[in-house]
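Asker: Take a look at the letters that make up each chain.
Number of protein chains: 2
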Amino acid sequence: MKLASLKNGSRDGRLVVVSRDLASAVDAAGIAPTMQFAIEHWAWVAPGLQALSESLNAGDVTSSFAFDPTQAMAPLPRTHQFVDASAFLNHGNIMERAFNLSIKRPEGVPILVQRQSDDFVGPRDDYPLLGDNENADFEGEYAVIVDDIPMGSSPEDCSQRIRLITLLNDVSMRAHLSRELQMGFGFIQAKPATAFAPVAVTPDELGDGWSHGRVALDMHVHRNGHRFGQPNGREMDWSFGELLAYLAYNRNLRAGTVLGSGTVSNIDASRVGSACLAEWRALETIEHGAARTPWLKAGEVLRFETFGASGDSVFGAIEHRFVEQRA
Amino acid sequence: MKLASLKNGSRDGRLVVVSRDLASAVDAAGIAPTMQFAIEHWAWVAPGLQALSESLNAGDVTSSFAFDPTQAMAPLPRTHQFVDASAFLNHGNIMERAFNLSIKRPEGVPILVQRQSDDFVGPRDDYPLLGDNENADFEGEYAVIVDDIPMGSSPEDCSQRIRLITLLNDVSMRAHLSRELQMGFGFIQAKPATAFAPVAVTPDELGDGWSHGRVALDMHVHRNGHRFGQPNGREMDWSFGELLAYLAYNRNLRAGTVLGSGTVSNIDASRVGSACLAEWRALETIEHGAARTPWLKAGEVLRFETFGASGDSVFGAIEHRFVEQRA
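Protein sequences, first through last, are from chains L and Y. Just so you know, we're using this note's numbering here: the first sequence kicks off at 37 and counts up by one. Just so you know, we're using this note's numbering here: the second sequence kicks off at 37 and counts up by one.
Source of the hints: derived by calculation from the structure; they are not laboratory data. Backbone N, C-alpha and C fix where the C-beta goes; we use that ideal spot for every residue, glycine too. Keep in mind that the hints are not guaranteed to be accurate.
[Claimed, not checked] Residues on chain L that point at chain Y, a partial pick, calculated with CB under 7 Å:
| id | residue |
| --- | --- |
| 1 | H116 |
| 2 | L137 |
| 3 | K140 |
| 4 | Q152 |
| 5 | R160 |
| 6 | M219 |
| 7 | G220 |
| 8 | F221 |
| 9 | G222 |
| 10 | Q225 |
| 11 | Y285 |
| 12 | N286 |
| 13 | N288 |
| 14 | R290 |
[To be verified] In silico negatives: residues of chain Y with every beta carbon more than 10 Å from chain L:
| id | residue |
| --- | --- |
| 15 | G84 |
| 16 | D96 |
| 17 | G188 |
| 18 | A252 |
| 19 | R270 |
| 20 | A327 |
| 21 | E360 |
Working from the sequences, and respecting the hints, build out all of it.
Answerer: Rendered as structure tokens:
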């Protein structure tokens with residue numbers, strides 16, 4: 037099934053079930069008022085939501101209405117934990133090669149970054165940009181939303197607690213990134229609010245596209261209407277379950293935790309393109325000695341979308357414009 | 037006024053108003069069911085909570101009951117954003133001097149670390165410890181809980197949005213800290229769940245102890261009943277308002293955001309002691325060439341408490357035991 041949170045003036049929005057083709061939706065308030073409530077009471081509410089989803093897809097719900105992604109908030113408009121991985125080593129390798137960096141990462145240890153989750157951005161909301169000198173960038177990622185995971189859970193157990201999958205744009209301000217990375221304490225000004233796709237879906241909606249705990253589907257990235265890349269999520273170097281188990285080593289993960297994959301990146305990036313400006317600029321630097329593609333400026337529009345085997349959009353599209361905002 | 041969240045089986049607990057002397061409490065459900073609700077609707081609920089607090093302190097509330105800190109959760113048992121600063125440069129200076137480290141921090145830029153906020157620990161709850169080789173440590177800190185702060189707010193405006201102040205123990209597993217610091221992406225396994233004092237209080241409860249946006253009060257730290265240190269919060273190198281403004285540079289901070297001060301540390305630490313084992317071990321290393329004080333082991337008990345001008349405990353005490361937990 038596919039779920040979304042629609043704007044209703046509240047911080048958490050109202051939960052709706054969305055049809056597989058993303059054309060229609062139905063209010064889920066009778067089962068769960070918000071996405072957070074649904075995740076926290078999954079065992080109780082999932083059967084009812086699933087039944088509603090099946091009726092909606094069969095055209096049997098008279099109270100359905102057209103699904104308007106401009107009215108969607110992030111599927112979880114806010115939550116209590118967001119961790120972003122950098123689980124495609126290819127991305128890191130390209131960055132290190134281009135800029136002579138060396139991340140001191142012990143063999144096997146994944147990069148995971150604790151992030152803020154108080155103010156996610158909806159799929160069609162304008163994104164505020166302080167100025168062109170912020171070196172604004174995007175990172176197209178897949179993400180999972182999990183149920184409670186007790187401390188010490190195995191990768192297999194963690195994998196069984198993945199309730200929903202979605203797509204996000206990890207918006208990055210590169211003007212601050214190198215400074216913050218060198219300080220060692222993670223990201224603050226380099227990573228403002230994160231934008232999400234209109235819907236989150238249960239793993240079964242991906243069919244064979246959910247494979248080995250990874251989203252083995254192309255992510256189509258467009259910049260101002262032009263194709264920028266379509267890397268596939270299958271080359272993730274850790275499964276989501278493995279990343280969750282690393283995270284749960286000495287702490288509980290509570291329901292609603294969002295884990296991002298890191299920017300989707302493929303070995304043959306020079307052919308399939310990239311989901312991240314910095315990575316593409318790094319490839320240009322390696323090939324030409326300097327980056328040619330500029331950072332984002334106010335007025336630009338990005339689009340991220342993933343299609344399933346049937347050709348349908350799985351998560352709907354993030355399509356957002358960067359707008360200048362002065363303090 | 038003083039507020040707490042009592043255990044009731046829910047993830048957010050139930051809000052109570054606690055008397056100034058921490059002896060009694062009264063249910064606040066008629067005004068705000070949870071602390072999160074109170075913070076989100078502060079302008080509406082604060083007058084009612086304040087009136088209830090005044091009646092309670094005057095002994096005029098017949099429905100009051102004894103306040104039992106073992107039944108307290110963290111004041112905000114979970115929230116949507118937790119950022120921990122390291123705003124006492126003295127602490128960093130000691131660490132750098134002892135271990136020949138060099139944090140590449142541009143002049144004036146504060147250290148802020150994005151942290152998880154899904155599973156805070158109550159003031160008297162046992163703390164799970166995977167083993168003695170985790171090099172378990174504590175960091176006694178002051179923290180503020182803020183209302184919504186729009187992107188670009190000034191330090192003064194941010195300061196006006198501080199609703200509550202509390203005390204926390206930023207439990208740290210030093211076996212993982214150096215590795216994670218060198219990777220550059222902040223903390224994951226080095227910083228599991230954070231423990232909080234029983235109550236959070238409005239700034240006026242501190243009297244002159246709330247000074248220049250800092251908690252100018254001694255924090256009394258005890259390890260297994262023995263005094264470990266009592267550093268004063270006044271030496272913070274940035275005010276909470278300044279730290280919040282840095283954080284809000286390019287993003288909104290939403291109601292319930294918790295900002296920690298970093299371990300309280302004083303220039304004359306060798307005299308007043310420390311709120312952090314690693315800092316004390318660093319001082320020993322500087323003086324004796326090696327650390328003498330061992331890391332925490334299972335069975336040990338820590339206590340953190342701050343007293344106001346009247347001698348009353350301001351936030352109540354964190355007093356918790358570390359217990360071995362095997363996966």
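Asker: If you test the structure against every hint from before, which numbers come out violated?
Answerer: Of the numbered hints given earlier, those the structure breaks are 2, 5, 17, listed in rising order.
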